[in-house]
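*Asks:* Letter by letter, the chains look like this.
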Amino acid sequence: GNSVTQMEGPVTLSEEAFLTINCTYTATGYPSLFWYVQYPGEGLQLLLKATKADDKGSNKGFEATYRKETTSFHLEKGSVQVSDSAVYFCALSDRTSGTYKYIFGTGTRLKVLA
Amino acid sequence: DAGVIQSPRHEVTEMGQEVTLRCKPISGHDYLFWYRQTMMRGLELLIYFNNNVPIDDSGMPEDRFSAKMPNASFSTLKIQPSEPRDSAVYFCASSLSASGVYEQYFGPGTRLTVT
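Protein chains in written order, with our numbering: chain A, 1 to 114; chain B, 115 to 229.
None of these hints come from the bench; they were simulated from the model. All C-beta atoms in this analysis are idealised placements derived from N, C-alpha and C, irrespective of residue type, glycine included. Treat each hint with caution, since some may be false.
Short, incomplete list of chain A residues facing chain B, as computed with Cβ under 8 Å [stated by the list, open to error]:
| id | residue |
| --- | --- |
| 1 | E15 |
| 2 | Y39 |
| 3 | K68 |
| 4 | S93 |
Pair ranges (Cβ atoms, derived) [to be verified]:
| id | chain 1 | residue 1 | chain 2 | residue 2 | range |
| --- | --- | --- | --- | --- | --- |
| 5 | B | F188 | A | F18 | 42 to 48 Å |
| 6 | A | T70 | B | E128 | 24 to 30 Å |
| 7 | A | D55 | B | Q194 | 43 to 49 Å |
| 8 | B | P198 | A | R109 | 21 to 27 Å |
| 9 | A | S58 | B | Q194 | 42 to 48 Å |
| 10 | B | E128 | A | S58 | 43 to 49 Å |
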């Protein structure tokens with residue numbers, strides 16, 4: 001079946017540090033991949049997406065590349081800010097399997113210190 | 115444009131009481147999802163609808179939980195009777211199949227506390 005594995009958190013970084021949050025997946029079809037962000041007390045917000053192999057999603061300085069050969073979709077940002085402190089979720093949607101459910105990772109909490 | 119709207123934002127109730135959570139999806143979206151989030155279990159999909167029809171309710175914990183979508187602009191999640199272990203944040207999300215990508219848009223959530 002389909003699954004998503006995220007690195008365990010929390011991740012604590014100093015402001016302006018480089019961020020990588022690892023995400024790998026297994027899927028029987030051709031999934032779309034997503035990163036969502038959840039700020040304290042809020043719902044999940046779509047951060048970026050990629051729908052096919054080698055696509056790069058980007059938004060607000062965050063990037064992730066859909067790597068089919070390594071079944072990965074790692075989230076990166078070159079210089080984090082305190083305001084990036086949140087929980088980040090990797091997710092896939094495998095509509096070719098006939099279901100439109102998301103499979104979410106467990107989330108990775110990021111804390112950025114000033 | 116208005117996003118997904120949920121009400122109430124906070125609900126505190128006593129064990130045994132009926133609780134109804136409400137959701138208004140983004141206009142024109144044809145998929146609606148109900149999730150539950152807890153520290154212990156993370157984010158769980160409870161049920162989802164397509165064009166107001168329930169498609170998969172395998173995540174509904176037990177018969178105390180029920181969900182309806184009487185029309186394209188409204189859905190409810192009901193818990194009767196409520197128990198302390200139902201305390202969680204409940205999210206509603208909607209998506210548009212015509213986009214081809216099925217990205218989901220989440221509401222702000224309802225924080226339920228059952229005492």
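*Asks:* Okay, which hints does this one fail, numbers in order?
*Replies:* Of the numbered hints, 1, 2, 3, 6 do not hold.
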